[in-house]
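Chemist: Here's the letter readout for the chains.
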Amino acid sequence: MSAVNTSRQPAQAGRRFEVAKPIGIGLVLAAMLPLVIMPLASIFIFGMSKGPAHFWEALTAPAALFSLRLSLITSSAATLCNVAFGLLAAYVLSKHEFPGSAALMIVISLPTAIPTAVAGFALLLLWGPYGLLGQYLEQTDFQVMFTTAAIILANIFVTFPLAFGVIKPVLDNLDPTFEDAAETIGASRWQTFRFVVLPSLRGAIITGALLTFARSVGEFGSTIMVSGNLAMRTQTAPLYIFTKFNEGDIEGANAIAVVLAVISFAIFSLIILLRKRLA
Amino acid sequence: MARDTVVTLFPETQAFAERDPGARAALSVRHLTKSFGAEQVLDNVSFSVAEGESLVLLGPSGSGKSTTLRLIAGLEAPDGGEIAVRGQRVEQLRARARNVGVIFQNYALFPRMTVADNIGFGLRIRGQKRQPRAEVVARLLALIGLADQRDKYPGQLSGGQQQRVAIARALAYEPDVLLFDESFSALDPQTRVGLRREIRVLLRELRVPALFITHDQDEAMELGDHIAILNRGRLEQVGSPAEVYNDPQTVFVATFLGAANVLDGQWRRGAIRFGADRHLPAPGHTPAEADGTPTKLVFRPEDVVLDSVPGPLDAHYYLGRGEVVECSFAGASETLTVRLGDVAIKALRIKWDTHRLPLGPGDLVSIGLKTYKLLKE
Chain A
25 MSAVNTSRQP AQAGRRFEVA KPIGIGLVLA AMLPLVIMPL ASIFIFGMSK GPAHFWEALT
85 APAALFSLRL SLITSSAATL CNVAFGLLAA YVLSKHEFPG SAALMIVISL PTAIPTAVAG
145 FALLLLWGPY GLLGQYLEQT DFQVMFTTAA IILANIFVTF PLAFGVIKPV LDNLDPTFED
205 AAETIGASRW QTFRFVVLPS LRGAIITGAL LTFARSVGEF GSTIMVSGNL AMRTQTAPLY
265 IFTKFNEGDI EGANAIAVVL AVISFAIFSL IILLRKRLA
Chain B
2 MARDTVVTLF PETQAFAERD PGARAALSVR HLTKSFGAEQ VLDNVSFSVA EGESLVLLGP
62 SGSGKSTTLR LIAGLEAPDG GEIAVRGQRV EQLRARARNV GVIFQNYALF PRMTVADNIG
122 FGLRIRGQKR QPRAEVVARL LALIGLADQR DKYPGQLSGG QQQRVAIARA LAYEPDVLLF
182 DESFSALDPQ TRVGLRREIR VLLRELRVPA LFITHDQDEA MELGDHIAIL NRGRLEQVGS
242 PAEVYNDPQT VFVATFLGAA NVLDGQWRRG AIRFGADRHL PAPGHTPAEA DGTPTKLVFR
302 PEDVVLDSVP GPLDAHYYLG RGEVVECSFA GASETLTVRL GDVAIKALRI KWDTHRLPLG
362 PGDLVSIGLK TYKLLKE
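Keeping their order, the protein sequence lines are chains A and B. Position in the first sequence (from 1) plus 24 gives the number in this note's numbering. Position in the second sequence (from 1) plus 1 gives the number in this note's numbering.
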């Protein structure tokens, strides 16, 4: 009896507030519409405005395909590098406390806080023709700036702490008894890491890699400084969009913009899916 | 489980019993010392666990018992002292080279490995091939009665099942000694009691020497062939459960293992004076000490005899007349608090005594003792 009554009461109270719900949702959507949703939608609308054939043609232009491929390759390389570094740094900083470890944490996290144009400029000042190291490279055949290597270096720099930032807290929260247990069972330090620690980090590693990759694929500011923006040589997808737009080739810019938007969307869906599965 | 069944299920366990036919200790600890900063956690602790026996290290939290286990396992380094496993000194060896099995308080089963993979882990890292490994794992799963759970993950098991898997995981690589770190404290009381019996039977059958760490006296009594009582980093007494309970050597041991009445007294002309000028003859075999030497009178609640008739009782010692102030019923027995002058005494009576002479608050009773001990602080 009483159970029926009490369960009905909140339902009635809820009905009184029900106007607030659609108004609230409506407000959020109204704000998002001009700020986020319409700009995104316009990429797709413009991309398809002259028909799918036109879109396909713009997308499969050699320079367009090249820029996409270059972006995927340089982003993958940067991701590989930063996940490996993030794993190492997270393990070292999580296991050991040493003088300066707090300062080191800050330095690792610094690159994402720096404006990307500044990051690109900093790389130029190091590797460029008159740079600290670049002036010596200038005398050899080996060049870093305005090559694929420069793009990878820029990507590494601006996404440096992303994987580390995801892996470190998971490692910090890992119960040390698991490692104690593995050790008493007879595992070496490497075996403990390989069979006990690493499997627990799987989710964090994948999430960190996806974040790094997503950020790298979209990187513009530092890339334009260090790459030279040479079509079919050092032009990444975001640079291609910018260049085509400047040339007045809206369709060309648009086709790649659609692809980049879809890639980012796919990556973030994956991250959200992964978080749900791991939780 | 019949002994023969176990031996056929798990033939290599015979090795536990036969590896060392001599009386050499499976585990021995000598003069172990450890400090964390300024705090001395262990002070000259020595004990040993004989082959096929179990020793319970009993103490309150902060007594240093977990540190002792971590030192033996090699997870911490001692400041001084010796640790020997089957006669071989191990304090310089890394944890992984000591061949001890640890069952942690939270079991520490690897969450991303199945039950079977957890149990097989020790053999896998020792390079054991898949096929023989699977056979050992299957035998151990049968031994702990979890054959149908082999492909589950630890998170899908109950606490009791997890503990059995943790034991199987340790047994798989045939450790020289098993160390249990408060392994029963996370279980609900019913599972705990049942599992404790099961483990006791299992260890007896396999003849694996074991060291248990606990703060639970019931657990200590049930699991230990011997009990070692640790207090603030010092070992107060080692003995069989009966020895430690019936003949405690310190006030701490008397009060920590079971309940005890402790009264202040002093020697006076070969007898004991306590309370407001009451006297008792010294217990037999106790050498008399100088007048005025302080001492503690220690006796268990069940050593107290109560009667309504005034005057000395049919007990060895007569304390005097007192008043019942509290009475708590516990089914098979009841515990009474009796006030004798300015001291309170706990008394325990079994059901038939309470029927013969029902007592409640306010009743006057004669108080006697069947036995008591004198201990120094």
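Calculated directly from the structure, the hints in this document are not laboratory data. Hints may contain errors.
[As the list claims (entries may be wrong)] Partner residues are not named here, just some residues of chain B that face chain A (Cβ under 10 Å, in silico):
1. R95
2. A98
3. N100
4. V101
5. Q106
6. R113
7. I145
8. A148
9. A187
10. Y246
11. A289
12. L314
13. Y318
14. Y319
[To be verified] Label-pair ranges, simulated between beta-carbon atoms:
15. A:H78 to B:Q157: 50 to 56 Å
16. B:G156 to A:A108: 26 to 32 Å
17. A:V131 to B:A39: 53 to 59 Å
18. B:S334 to A:R299: 28 to 34 Å
19. B:A135 to A:R299: 34 to 40 Å
The beta-carbon is built from N, C-alpha and C at its ideal position, and this holds for glycine as well.
Chemist: Evaluate each hint against the coordinates.
Modeler: Here's how the hints hold up against the structure:
{"no.": "1", "hint": "R95", "verdict": "holds, 8 Å"}
{"no.": "2", "hint": "A98", "verdict": "holds, 8 Å"}
{"no.": "3", "hint": "N100", "verdict": "holds, 7 Å"}
{"no.": "4", "hint": "V101", "verdict": "holds, 6 Å"}
{"no.": "5", "hint": "Q106", "verdict": "holds, 8 Å"}
{"no.": "6", "hint": "R113", "verdict": "holds, 4 Å"}
{"no.": "7", "hint": "I145", "verdict": "violated, 17 Å"}
{"no.": "8", "hint": "A148", "verdict": "violated, 22 Å"}
{"no.": "9", "hint": "A187", "verdict": "violated, 12 Å"}
{"no.": "10", "hint": "Y246", "verdict": "violated, 32 Å"}
{"no.": "11", "hint": "A289", "verdict": "violated, 53 Å"}
{"no.": "12", "hint": "L314", "verdict": "violated, 55 Å"}
{"no.": "13", "hint": "Y318", "verdict": "violated, 51 Å"}
{"no.": "14", "hint": "Y319", "verdict": "violated, 55 Å"}
{"no.": "15", "hint": "A:H78 to B:Q157: 50 to 56 Å", "verdict": "holds, 55 Å"}
{"no.": "16", "hint": "B:G156 to A:A108: 26 to 32 Å", "verdict": "holds, 30 Å"}
{"no.": "17", "hint": "A:V131 to B:A39: 53 to 59 Å", "verdict": "violated, 35 Å"}
{"no.": "18", "hint": "B:S334 to A:R299: 28 to 34 Å", "verdict": "violated, 56 Å"}
{"no.": "19", "hint": "B:A135 to A:R299: 34 to 40 Å", "verdict": "holds, 35 Å"}
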